[in-house]
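Numbering (my numbering), first residue to last: 1 to 317.
Treat the hints with caution; some may be incorrect.
Pairs of lysine-lysine residues, derived as BS3-like cross-links and limited to a Cα-Cα distance of at most 30 Å, are as follows [to be verified]: (1) 117 with 272; (2) 88 with 251; (3) 258 with 109.
Honestly, the hints are just simulated from the structure, not real lab data.
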Amino acid sequence: MSQQASSHFALTPDQINSFNQNGFLIIENFIPSETNTQLRERIKYVVEHEFHPNKNHAVFSTYKQDAKRDLEKYFEDSVDNISFFLEKNANIDPETGELKQDKFSCINKIGHAIHEKDEVFRQFSHQPKLYEIVKTLSHFERPIILQSMVIFKQPFIGGEVIAHHDATFLYNEIEQDQTENPVIGCWFALEDATRDNGCLWVLPGSHKWGCIKRWVRVPSEADPNAHDMKMEPLQPELLQYTTEMNYEHDKYIPVEVKSGTLVVLHGYLLHKSFENTSSKSREAYTLHILDQAKPFAKGQWIQPKRELVNYFEKQNE
1 MSQQASSHFA LTPDQINSFN QNGFLIIENF IPSETNTQLR ERIKYVVEHE
51 FHPNKNHAVF STYKQDAKRD LEKYFEDSVD NISFFLEKNA NIDPETGELK
101 QDKFSCINKI GHAIHEKDEV FRQFSHQPKL YEIVKTLSHF ERPIILQSMV
151 IFKQPFIGGE VIAHHDATFL YNEIEQDQTE NPVIGCWFAL EDATRDNGCL
201 WVLPGSHKWG CIKRWVRVPS EADPNAHDMK MEPLQPELLQ YTTEMNYEHD
251 KYIPVEVKSG TLVVLHGYLL HKSFENTSSK SREAYTLHIL DQAKPFAKGQ
301 WIQPKRELVN YFEKQNE
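Let the hints inform the model, and build the full structure from the sequences given.
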């Protein structure tokens, strides 16, 4: 399932068949070493110059009564911004929200519009080679990046991500059936990913099960002008595979890869990662790509307020 990146944009029949059969594809050496270094240096710059935790005490405090509401708004607004989220086990003063250690070592992720708001990441995210890969594996008419994340997986405190598939959170208004993939995930290793530092684990072939559950907006019981989010089961009999204790643990396989590797994920593929128990971080960059030819679902959590620009198309004008 591991394939070498080629100088042209076309995937081989074996690569396409592997993705269709297993639900994921590993493309080694996708990011040149110089570009990988540039991306990591840019991340440091963004954190240093744009992350100001002292301006967001309410967001990071667990003591204030309105902290949960502030955090929810911060999360929803991140759809249109470069926003910063802390590790669950980061050393934070619960009353003030102030960090008790270096801010860079506390970050869980940056989301969710760095692919558009930052020039370096915009150029990388919309390269023609990636566009061709996504078009080939998804058959999307108009691929567009809907969200992006820089994920840090910090040493010793990098948290677990339980089994899920991306189509739970990102999907179109119109899906003809459960076999039509609504989203492609692109996971770029900016550092070596191993079992020790929390590499991806995937359940090969699970993309053929379709969508198991969906995270949807519902009217708020407390405020008729607001909304809440809830998990809606679509296939209750399969929910055992996405609970923390009962999924088929022994059938998942680790995706240990070198920095510069691209892992393409089908929207229905179940995947997860464990805690980082090592002294090494596991930086990664992820993109989630949908088909702009279909309306985005009004029920999904991500509802951009800005006018979306399709830079894949813009670069071909």
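These are the hints, each one checked on the structure:
{"no.": "1", "hint": "117 with 272", "in the structure": "28 Å, holds"}
{"no.": "2", "hint": "88 with 251", "in the structure": "28 Å, holds"}
{"no.": "3", "hint": "258 with 109", "in the structure": "20 Å, holds"}
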